[in-house]
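Visitor: Starting from the known structure of chain A, arrange chain B on it as the hints suggest.
2 protein chains.
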Amino acid sequence: MRRLSTRDASFQQQFSALLAFETVNDPALIQTVDQIIAQVRELGNAHVLALTQQFDQHPAQHFDELELSASQLQQAFEQLEPTVRNALELAASRIREFHQRQVQPDWQYIDALGNTLGQKVTPLDRVGIYVPGGKASYPSSVLMNAIPAAVAGVQEIIMVVPAPKGELNPLVLAAAHLAGVHRVLTIGGAQAVAALAYGTETIAPVDKITGPGNRFVAAAKRAVFGQVGIDMIAGPSEILVYAEGQNNPQWLAMDLLSQAEHDEVAQSIFITPDAELLEQVAEAIEAHLVTLPRAEIARTSLQNRGALVLVKDRAEAVKLINQVAPEHLELCMDEPEQLLPQIRHAGAIFMGRYSPEAIGDYCAGPNHVLPTSGTARFSSPLGVYDFQKRSSIIYCSPEGSQSLAQAADVLAQQEGLVAHAGSARYRS
Amino acid sequence: MRRLSTRDASFQQQFSALLAFETVNDPALIQTVDQIIAQVRELGNAHVLALTQQFDQHPAQHFDELELSASQLQQAFEQLEPTVRNALELAASRIREFHQRQVQPDWQYIDALGNTLGQKVTPLDRVGIYVPGGKASYPSSVLMNAIPAAVAGVQEIIMVVPAPKGELNPLVLAAAHLAGVHRVLTIGGAQAVAALAYGTETIAPVDKITGPGNRFVAAAKRAVFGQVGIDMIAGPSEILVYAEGQNNPQWLAMDLLSQAEHDEVAQSIFITPDAELLEQVAEAIEAHLVTLPRAEIARTSLQNRGALVLVKDRAEAVKLINQVAPEHLELCMDEPEQLLPQIRHAGAIFMGRYSPEAIGDYCAGPNHVLPTSGTARFSSPLGVYDFQKRSSIIYCSPEGSQSLAQAADVLAQQEGLVAHAGSARYRS
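Sequences listed follow chains A and B, in order.
Mapping to my numbering: the first sequence position 423 is 423, numbers consecutive.
Mapping to my numbering: the second sequence position 212 is 212, numbers consecutive.
Take the hints with a grain of salt, since some may be wrong.
Note: identical chains are not told apart, hence a pair may lie in one copy or across any two.
[To be verified] Below, computed lysine-lysine pairings styled on DSS-like, alpha-carbon distance capped at 30 Å: (1) 120 to 312; (2) 319 to 120; (3) 165 to 312; (4) 319 to 165.
In case anyone wonders, no lab produced these hints; they're calculated from the structure.
The shape of chain A in the complex, shown without the other chains (with noise of 0.2 Å):
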């Protein structure tokens, strides 16, 4: 595994391009992308249903089989092994509690002249929410993103997750059930993110996508943006783990590697300023790997993202993570609420040697949806917000329309918008 020092000359370039990750725009996917969107838009259920016989093999011969009932979701629920019912309660209840913290609520004030001024805050009417199928269909994704859109109070959820073959992971629609999904269609691709975005006879156009998805999906939700809200297209994940003091080499192992594991291009960064730590996890993380299931997947990630990076002190520490802006950020160190303060970039930042981001993953309470590749210089955690939206309210009295008129009708003609000047003049 990479081993960098920022007392090397060349630290800053080799840091650098460790982080460059470019997606690329291809036009022939972009192109693909942009016809079963206007096929959806044109053609309807038939065309969704058909692209899923196609590409989903799913042996559904009309469209209404590709919608589950609520009965169906509540089934699966039911069927849970204890435990693990157990813990997907937990999890949702956490989650749940989190977000209700971020609802936003309506504030007015009356200035001096007697105006009132506010903001009114609505939830979303509908929204849809992108489940992968497969082998990285996950149920806490399902509790991610539909819990903070059921908090706002969003009138119907709609899932989509695709079923190849037909066949669907029971945990996910158990997810779904509990995180108060409305409906739940059995979709995946471009063709279910221009459902959701347009409408069909059966669908009715949501507001807002959700929902991390392939390739096609992310194109797809790319090329409806404007027309339909969207999160962030994700790039793939990140974490880094800063550490001092006193700490187990294999649990700081073991958390790098819960992050390569995820897929091949997942990037893990080690940053501490102990050369001693550093060299254990390096061999704690090949003594891991030997057992590990997808040890070629977090092998293959290490190797061309993953970096160990030595720093003379906390300060360069701290420069060094504002400059990544991570999805994830561990801090291992005693006193880590010493150290937040100058923390200003990350998705989620887990305080201490007992918050592991995977506690995070799942049932901590805050969204798992971050920020990844840097954004987190400009972009939030998936949130409550993200399902709600602000109209400002502007109410003038008789009274206090008089000097505001005057200096509209004043701007107005500098800007030489005459009618603007007129209409303000009437109220003066």
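Guide: Structure of chain B alone, referenced to chain A:
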């Protein structure tokens, strides 16, 4: 001007056709813009200068001539006529006052297990604000984009504004001074967007780009989305005026015209249950058009995209309002607060007869950058929240981590992620 009535059997079809507006994704435009971006990334300032000389006929010979000094901005402000300066200062202080209420605080809580969870809010480091040049160069847009960023605590606000033939609107510079803009570069087009997103020798890359622009700017913003954050790609501006009871048709007509004078594709819709008022407004529009300087633009807009809609009652009006999800909504009626809870989608809601859109455009306080083309269904006015982002905080205690680690272990095993399970189990 087009008249529609909900009594007409084909009303919904006509109304939907009226609202339809699709921006064409021109492949040639996208290719041109992609090429400009690639060249700015490769060649930096030299290429930005060359394109500025070419497209803007700017006389600058060196890149540093394209930057304005703080004293130039201050001078522009000090040389304003007192009436204009006062109006601009009133607007800036009211916009600041409103937006200060949008600042989001950090929060955290301790759960029943003794774990600390929360959300940390941080301003973006650097933002770029695009201000169109020439005739559409509006000082109000400078205030509306820069003040929320300044209130959020953004450390570097870089404004770009093209200066055709080197000419600049002094009011725009004065507004930049008032709003707290840190740097002003007289560049524009896709090259300015590229320079902001990727940085050059003398421009540090920004984290977000906001502000309106022509189709090159819009395409460039779409292309750099992901590398940086962007605000919405704005469509044509719209107003929906709902009136009932005693109203002055002159006022209503001028409010509709204030939108129509913006540009040929702007949209003004009037809705009322009062057939007599509808005809009075139609007449007043015609009368105003005789003297309006921008009458030709307004007439085209009203003919192609405007409508006077007669509804049976208030309930029908509410349904249409929510269908349109207008950027600007005026409720010209007694006790508009009674209707407010039923309004689900609107960018800004102007309540009563003394709150014309024009006041909101300049100096009421709320932002005039609002979701267009029905995107108020899922998006919000530009605000301080667009220049802040959140990081989740997860701080488990050794005891508090145990039951969470156990649940994470169970769920990770179900998802086949063994390193996740192992990482959790170490803390259980």
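Visitor: Please go over all the hints and tell whether each is borne out by the structure.
Guide: Against the structure, the hints come out as follows:
1. 120 to 312: The answer is between: 27 Å across copies meets 30 Å, while 50 Å in one copy does not.
2. 319 to 120: Between. Shortest inter-copy distance 18 Å satisfies the 30 Å Cα cut-off; intra-copy 39 Å does not.
3. 165 to 312: neither (55 Å within a copy, 52 Å between copies)
4. 319 to 165: Answer is neither: 49 Å inside a copy and 42 Å across each miss the 30 Å cutoff.
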